[in-house]
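S.K.: Listed below are the residues making up each chain.
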Amino acid sequence: DGGITQSPKYLFRKEGQNVTLSCEQNLNHDAMYWYRQDPGQGLRLIYYSQIVNDFQKGDIAEGYSVSREKKESFPLTVTSAQKNPTAFYLCASSIGTDSYEQYFGPGTRLTVT
Amino acid sequence: AQKITQTQPGMFVQEKEAVTLDCTYDTSDQSYGLFWYKQPSSGEMIFLIYQGSYDEQNATEGRYSLNFQKARKSANLVISASQLGDSAMYFCAMRGYRDDKIIFGKGTRLHILP
Chain D
1 DGGITQSPKY LFRKEGQNVT LSCEQNLNHD AMYWYRQDPG QGLRLIYYSQ
51 IVNDFQKGDI AEGYSVSREK KESFPLTVTS AQKNPTAFYL CASSIGTDSY
101 EQYFGPGTRL TVT
Chain S
114 AQKITQTQPG MFVQEKEAVT LDCTYDTSDQ SYGLFWYKQP SSGEMIFLIY
164 QGSYDEQNAT EGRYSLNFQK ARKSANLVIS ASQLGDSAMY FCAMRGYRDD
214 KIIFGKGTRL HILP
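Line order of the protein sequences matches chains D and S. Counting from 1, one number per residue, gives the positions in the first sequence under the numbering used here. Counting from 114, one number per residue, gives the positions in the second sequence under the numbering used here.
Take these hints with a grain of salt, some might be off.
What the hints assert, rightly or not - Partner residues aside, some chain D positions facing chain S, computed with beta carbon under 7 Å:
1. G42
2. I60
3. E101
4. F104
These are calculated hints, taken from the structure and not from any lab test. In this text, a Cβ means the ideal position worked out from N, Cα and C, and glycines have one as well.
Model the full assembly from the supplied sequences, consistent with the hints where possible.
M.R.: Here it is, written out as structure tokens:
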């Protein structure tokens with residue numbers, strides 16, 4: 001079955017540590033996205049990638065970094081510079097950035113204490 | 114700048130009744146797309162329906178329909194014959210023709226009562 005996987009579903013870290021969230025897709029999609037969701041809020045775009053080895057900042061990129069070395073993978077690193085990292089993180093992909101429909105993974109809930 | 118507004122933070126509806134979730138948008142683009150997503154308590158986002166700005170007919174997908182009123186910049190989601198499984202957060206979203214990204218509203222939490 002084609003889809004997007006994110007692991008782990010729940011992640012706990014101590015303040016000051018970097019943490020990497022995994023996102024893998026086997027849909028052969030070119031575009032991939034990372035969103036952050038806070039309670040009672042919509043999704044805010046962190047980073048997106050239109051093609052391998054290329055990515056652009058979204059609306060709230062500060063304190064985050066990404067890489068896109070393979071088409072299937074788009075890991076997100078939450079660095080210690082991110083002031084309020086506790087949130088729900090969703091990864092998505094689409095055929096291209098001009099495609100209207102995005103397919104989402106199940107999300108990772110990150111808690112930093 | 115583009116903006117999506119969902120004015121209903123929460124709604125309670127009796128099972129089997131129809132539901133209308135409000136969404137208004139603001140854009141200067143002539144060509145754009147509007148979407149609705151459902152987010153159950155599990156967290157993943159489920160695509161429900163899409164409406165293009167030049168589509169003359171309102172989009173329908175099973176029990177979901179999108180009431181598109183372009184002049185009013187309104188894209189309300191209508192769920193017919195609501196079911197208990199419809200209880201979830203619902204997000205309205207939009208992408209402009211020239212944009213690489215989708216913007217989301219803050220969502221409406223729908224509770225279906227038995």
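S.K.: Now, for every hint given, state plainly whether the structure supports it.
M.R.: Verification of the supplied hints:
Interface hint status for D/G42: upheld, as the beta-carbon distance to the closest one in chain S is roughly 4 Å, under 7 Å. Look at D/I60: its Cβ only gets to about 12 Å from chain S, farther than 7 Å, so that hint breaks. Of the supplied interface hints, the one on D/E101 holds, with its beta-carbon coming within about 6 Å of a beta-carbon of chain S, less than 7 Å. Using the Cβ-Cβ criterion of 7 Å, the hint placing D/F104 at the interface with chain S is satisfied: the shortest such distance is roughly 4 Å.
Checked against the numbered hints above, the structure violates only hint 2.
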